[in-house]
Amino acid sequence: LSLLSAEGINNQPIPPVKVWREGEPVTIWVQGDGHYRWTFHYEQGGLIEGEIAGGSVLTLPEPLPQGYHRLTLEQAGRRWRCQAIIAPVCCYEPDALSQGKRWWGVSVQLYTLRSQHNWGVGDFGDLKTLLEEVARRGGAFVGVNPLHALSPSGTDNANPYSPSSRYWINTIYIDVNHVDDFLQSEEAQRWWRSDETQRRLSTVRGSRWVDYRSVAALKREALRLSFQHFNLRGVLDPRQLAFQQFIVRGGDRLQQQATFDALYAWLERDGDSFSDWSQWPDCYQDARGEGVVSFRESHAEDVMFYCWLQWLAHEQLAACYGHGKQLGMPLGLYREVAEGVACRSADSWQERPLFCLDASIGAVPQTRMPQGQSGPLAPINPVQLQSSGYQPFIDMIRSNMAHTSAICLHHVASLMREWWVPQERASEDGGFIYYPVDDLLAILALESQRHRCMVMGDEQGVLPDGMVGKLRDSRIYSCRVLFFERNPQGEFYAPQDYPPRSMAAVTTHDLPTLRGYWQSIDLMLAHELGLYAGDVLLSRRLKAREQAKQALLDALHQHGHLPQRVGRNATLTTMSAQLNRGIQRFLSESASGLLGLRLEEWLDMATPVCVPGGEQQYPNWRRKLSRTLDSIFGDSYLERLIRDIDLRRNRPLPSRNSGAPAGK
Numbered sequence: 001l002s003l004l005s006a007e008g009i010n011n012q013p014i015p016p017v018k019v020w021r022e023g024e025p026v027t028i029w030v031q032g033d034g035h036y037r038w039t040f041h042y043e044q045g046g047l048i049e050g051e052i053a054g055g056s057v058l059t060l061p062e063p064l065p066q067g068y069h070r071l072t073l074e075q076a077g078r079r080w081r082c083q084a085i086i087a088p089v090c091c092y093e094p095d096a097l098s099q100g101k102r103w104w105g106v107s108v109q110l111y112t113l114r115s116q117h118n119w120g121v122g123d124f125g126d127l128k129t130l131l132e133e134v135a136r137r138g139g140a141f142v143g144v145n146p147l148h149a150l151s152p153s154g155t156d157n158a159n160p161y162s163p164s165s166r167y168w169i170n171t172i173y174i175d176v177n178h179v180d181d182f183l184q185s186e187e188a189q190r191w192w193r194s195d196e197t198q199r200r201l202s203t204v205r206g207s208r209w210v211d212y213r214s215v216a217a218l219k220r221e222a223l224r225l226s227f228q229h230f231n232l233r234g235v236l237d238p239r240q241l242a243f244q245q246f247i248v249r250g251g252d253r254l255q256q257q258a259t260f261d262a263l264y265a266w267l268e269r270d271g272d273s274f275s276d277w278s279q280w281p282d283c284y285q286d287a288r289g290e291g292v293v294s295f296r297e298s299h300a301e302d303v304m305f306y307c308w309l310q311w312l313a314h315e316q317l318a319a320c321y322g323h324g325k326q327l328g329m330p331l332g333l334y335r336e337v338a339e340g341v342a343c344r345s346a347d348s349w350q351e352r353p354l355f356c357l358d359a360s361i362g363a364v365p366q367t368r369m370p371q372g373q374s375g376p377l378a379p380i381n382p383v384q385l386q387s388s389g390y391q392p393f394i395d396m397i398r399s400n401m402a403h404t405s406a407i408c409l410h411h412v413a414s415l416m417r418e419w420w421v422p423q424e425r426a427s428e429d430g431g432f433i434y435y436p437v438d439d440l441l442a443i444l445a446l447e448s449q450r451h452r453c454m455v456m457g458d459e460q461g462v463l464p465d466g467m468v469g470k471l472r473d474s475r476i477y478s479c480r481v482l483f484f485e486r487n488p489q490g491e492f493y494a495p496q497d498y499p500p501r502s503m504a505a506v507t508t509h510d511l512p513t514l515r516g517y518w519q520s521i522d523l524m525l526a527h528e529l530g531l532y533a534g535d536v537l538l539s540r541r542l543k544a545r546e547q548a549k550q551a552l553l554d555a556l557h558q559h560g561h562l563p564q565r566v567g568r569n570a571t572l573t574t575m576s577a578q579l580n581r582g583i584q585r586f587l588s589e590s591a592s593g594l595l596g597l598r599l600e601e602w603l604d605m606a607t608p609v610c611v612p613g614g615e616q617q618y619p620n621w622r623r624k625l626s627r628t629l630d631s632i633f634g635d636s637y638l639e640r641l642i643r644d645i646d647l648r649r650n651r652p653l654p655s656r657n658s659g660a661p662a663g664k
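Final position of the sequence shown in the working numbering is 664; the numbers increase by one with none missing.
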């Protein structure tokens with residue numbers, strides 16, 4: 001905790017950052033002795049100035065416009081700056097949702113998509129196709145997992161929720177077949193048509209599991225050849241000019257990310273493998289050190305290649321977003337945002353003072369994971385975050401609100417507190433560290449309104465005291481997962497009792513599929529993997545699952561979503577097409593403004609994409625869907641199911657009852 005000292009901040013006459021909501025009095029306490037000259041620079045241009053004595057309250061004229069302004073104090077040749085942020089009272093919300101519309105869409109882990117054209121992993125071409133198919137059937141959105149940058153070489157860490165950088169995109173999602181320079185390069189096309197390339201492609205495309213290393217190697221070879229062709233373009237070529245503009249906009253962050261990726265690939269060139277940058281030679285561990293500067297200069301073309309990959313990824317993501325809008329989707333594309341970054345990530349490498357690398361973010365011991373979890377995420381030092389004027393948080397939110405209509409913050413409670421676990425210690429040895437939640441929510445609201453991007457917050461655990469009200473006041477939509485929507489008596493809430501400002505879902509990426517839940521496959525698998533301490537815990541959980549299944553079956557019959565021929569005893573009732581459809585119909589009648597459906601439930605899949613806590617024992621983040629996109633949307637049964645869901649989402653709701661609580 002000594003790392004969290006705020007001594008430097010407290011010794012300044014004004015704080016490095018101060019946040020107000022629109023309509024609040026804009027006052028700031030000026031510490032110290034003597035007189036100061038102050039200047040207030042508006043973000044929009046212009047300034048006001050004056051003098052103030054230390055120990056006084058500076059009151060700025062109202063109303064001040066929303067934005068990021070700058071207050072400067074000067075005294076005897078010294079200068080102090082404060083980022084003065086004026087934020088709206090709440091996040092952006094589409095008018096249709098505020099007026100009671102109920103939209104549905106599809107939530108997907110992008111890498112799981114299968115198609116006839118992708119290279120063994122779902123890509124932006126598949127995302128474009130999925131947007132078309134969902135829009136054609138009346139869907140309002142497609143949601144995707146965090147698209148954050150991971151290792152450029154496709155190493156074993158495939159977890160999109162533990163990324164290398166939240167500022168940049170995972171370039172494995174580039175649809176190579178839609179890269180102009182790949183199509184125009186004779187050398188790239190010869191490589192593409194070769195028997196060896198087609199053999200490798202057939203192998204990764206046909207696998208049930210994503211082989212990240214092989215896919216990354218294939219794409220890297222193709223894109224290297226494509227980059228050589230790109231470099232033949234003249235300096236006034238429109239594509240070259242667009243790339244140069246991207247480099248200017250990306251600034252130092254882009255250069256650092258590209259340097260990290262180039263260095264990572266260069267160090268692994270001889271087959272060596274590094275799990276993180278702490279294993280690199282000492283001269284490369286300091287992002288600002290002479291060794292890294294020298295590498296960037298001597299490997300300038302490699303660094304530029306990784307800048308180019310980011311440009312391609314951003315272009316293709318922007319095209320997906322624009323395509324959704326052209327299709328007339330009310331919402332279009334939404335993206336999840338990970339809670340943090342991996343401990344030894346690109347972000348922690350280039351912004352090391354921002355992170356406390358002697359600890360990691362873990363999970364509080366709870367029912368789902370009794371031993372808790374010491375996670376792979378690096379905690380952000382809240383004092384350093386404030387010292388920076390919240391700029392890393394602002395930049396991260398801006399990066400993720402680009403080319404999307406909504407973001408969903410994974411583990412939204414992390415805006416208020418994180419469970420820090422000291423390195424080499426168990427999760428129960430950790431403790432909560434608190435964050436300036438009101439300031440962070442205000443910044444979210446400001447960026448949300450500027451980008452016209454709505455915000456959702458995902459939290460399956462119990463939210464801290466006061467957090468529910470803060471999220472509600474900020475108009476941040478909650479995520480309601482069917483499995484957890486039960487009252488204290490264990491009964492499932494009626495669909496019309498779901499809060500309108502929420503997104504309802506049957507399940508999520510780190511929970512079992514619907515079939516897996518009903519057959520307790522997740523419980524048996526966790527036991528087999530050694531994640532439960534003994535048979536007693538498994539027995540207890542199986543009993544609780546049977547009770548939950550019975551309560552769900554009762555609710556489905558009560559609300560008329562199952563035919564009479566489907567039994568009323570959960571123990572004797574197997575998962576069937578009628579039961580699967582009944583559960584999805586039940587949720588489609590929820591009062592939630594958004595309904596996120598998963599392709600796994602449409603396909604009645606049993607195998608999970610992730611087993612929490614089982615990273616070492618199970619191939620998390622690799623399981624593909626069981627069918628291709630063409631096959632899914634050519635299925636007459638699924639067409640009928642989708643039409644049924646669309647009809648139910650577009651008809652008036654029955655009157656609301658006493659209701660579920662507004663939050664957890």
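Calculated directly from the structure, the hints in this document are not laboratory data. Keep in mind that this is a model prediction, so the values were computed, not measured. Hints may be right or wrong, so weigh each one.
What the hints assert, rightly or not - If you anchor each label on the Cβ, the simulated ranges turn out as follows: (1) Leu-232 with Gly-431: 30 to 40 Å; (2) Thr-59 with Gln-391: 17 to 27 Å; (3) Arg-137 with Cys-283: 52 to 62 Å; (4) Gly-560 with Ser-275: 51 to 61 Å; (5) Ser-539 with Ala-402: 45 to 55 Å.
Said to hold, decoys possible - The calculated lysine-lysine pairs, modelled on DSS-like cross-linking and capped at a C-alpha distance of 30 Å, are: (6) Lys-101 with Lys-470; (7) Lys-18 with Lys-325; (8) Lys-101 with Lys-128; (9) Lys-128 with Lys-470; (10) Lys-325 with Lys-128.
Beta carbons are placed, not taken as given, at the ideal position from N, Cα and C, and that holds for glycine.
The hints, checked one at a time:
1. Leu-232 with Gly-431: 30 to 40 Å: 57 Å, violated
2. Thr-59 with Gln-391: 17 to 27 Å: Since the Cβ atoms of Thr-59 and Gln-391 sit about 26 Å apart, the hinted range of 17 to 27 Å holds.
3. Arg-137 with Cys-283: 52 to 62 Å: 56 Å, holds
4. Gly-560 with Ser-275: 51 to 61 Å: Given about 53 Å between the Cβ atoms, the range holds.
5. Ser-539 with Ala-402: 45 to 55 Å: 49 Å, holds
6. Lys-101 with Lys-470: Roughly 24 Å between the alpha carbons, so the hint for Lys-101 and Lys-470 holds.
7. Lys-18 with Lys-325: 36 Å, violated
8. Lys-101 with Lys-128: 25 Å, holds
9. Lys-128 with Lys-470: 35 Å, violated
10. Lys-325 with Lys-128: Distance of about 11 Å is within 30 Å: holds.
In this structure, the earlier hints numbered 1, 7, 9 are contradicted, and the remaining ones agree with it.
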